[in-house]
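If you're matching them up, the sequences are chains A and B in order.
As numbered in the working numbering, residues 358 to 500 make up the first sequence, in order.
As numbered in the working numbering, residues 49 to 172 make up the second sequence, in order.
Some, not all, of what chain B presents toward chain A, calculated at C-beta under 10 Å:
1) Arg76
2) Ala83
3) Ser87
4) Leu91
5) Ser93
6) Gln113
7) Phe117
8) Ala124
9) Gly127
10) Leu128
11) Ile130
12) Ile165
13) Ser167
14) Ala168
On the chain B side, residues computed to face chain A include the following (Cβ under 8 Å):
15) Gly79
16) Leu90
17) Thr131
18) Leu135
19) Phe160
20) Ala161
None of these hints come from the bench; they were simulated from the model.
We put the beta carbon where it would ideally sit given N, CA and C, even for glycine.
So you can see what is in the structure, the chains are spelled out below.
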Amino acid sequence: MNAKPRTLSLKQRGLNFEMLMWLFTRLSALAMYGFFIAGLVGAFWMGARHDMNFADVMRWAFTTSYTHVQSTNVPDLEPWAVWFWRLVASGMVLTAIAHGVHGLVVIADDYIISSGGRKFVRFLSMLAVASMSFIGLYILWTY
Amino acid sequence: MGISRNVSLATALRYKGQGPMLTFILHRIGGMGMAIFISMHLLASFFGGSVGNFINDIYMSWVFQIIIFFFVMFHAINGLRITILDLWPPLLEYQREAIWVEWAVFIPLYGFAVYSILSAAFGG
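So that you can see chain B by itself, here it is in the shape it has in the complex (with noise of 0.2 Å):
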């Protein structure tokens, strides 16, 4: 059992994987982050008390909306363009273009899930 790694963190930073390593960092950057944050959310509704409204109206406020909205779309789509090629692997053959789909995919929603985050709370 181990594995032994013999890249320092330098030459890991340099490394160019373009658009699937880049969905891979996003994944599970949002991936974390959605663990933290809905963990502290069950935490605080459980708690309650003042701590538990103080972090949900972090929650609540558009700055945080727009973030965790970014992290649970993101992880979403991706994950399905991962489950949908790795269910029907000849499609992995098209992991590149499968990739574009997905940002022409995601963009829209997330740009529309902005623009209503933002309307609400301001009032537009």
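Extracted from the complex, chain A is given alone in its bound form (with noise of 0.2 Å):
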């Protein structure tokens, strides 16, 4: 179609927060794609063909809480407890929640269009990444 490339090289874009930010966005929806199909695989492993229907496998997958499998057919909560699926739902966790903060910033930063508000909202940002992390791997290694 067109010759010419529509893409500016990273240096006429230069390298700055926002940008990395932008791909830290795309990056982390890769990264729990991952943690989700480890999930996925982990749920089959341990039996779920039998056990669970689809809602609940992909539940399961979506953050690897046990507490997300109590309502199903599963004989043995033990192996769905382990460690191991603690630490990757911690992954998700701190992977969604980062993703997802940055995703609200954005939001707000297309209606939010001053400069002391845009402060204040990557002030209130922090806070709730912090406060979002904290508590939820509380709950993931402590229940």
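Make the complex out of the two chains shown on their own, each in a separate frame, by following the hints.
Below, the structure is given as structure tokens:
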């Protein structure tokens, strides 16, 4: 179609924080697919074929916390509560919180255009990442 | 810093961006929905008690599952399309085709999820 390249080189674009977060949003999406596939494979390994329906398996793979399979026919919750799955779930939760809170900042920037307002949004976002990460990890490792 | 728009809300609502606009707005709604519901879910599990259990009981109802599954699965599948196209920019030429592929993946998967949620809820 057109020979002229539509994208600028990295040097022309500049590598700033916004650019890095743009990249982080994409790469964290791929990372979350990785966590999801790990949970999916693990679920079938542990007998999901017989004891869970499609929606149950999706909910488990989305965050591999054993509380997500409590309502299914899984006979023994023990293998679902081992440290490995808590580790996978922690990775998912931390990645998702960073990805999600940055997404909220992007949305807020579409409506809040004053410099001070944007600074306040960033302050709130850091608070949200710190508190939600703590709460998420606390739930995953103490229950 | 700062942007100014000379577009009224009425004009904005009449904007016909078609497929790409629809995926953009669903991605945004789904993302915000997930942020709210997952935060509430974490807080409910953290604090527990009657309020926490009440919130988590709502989350387990089939109506809520159908809504949250739409948000999560659409956001995930649309996000994968965005990621693939953005990391390999030559593919952006085929954005509209990619959106059709996306719906072809999303509709059967989501349909199957809704089917299994409903059959679990009504013992079918």
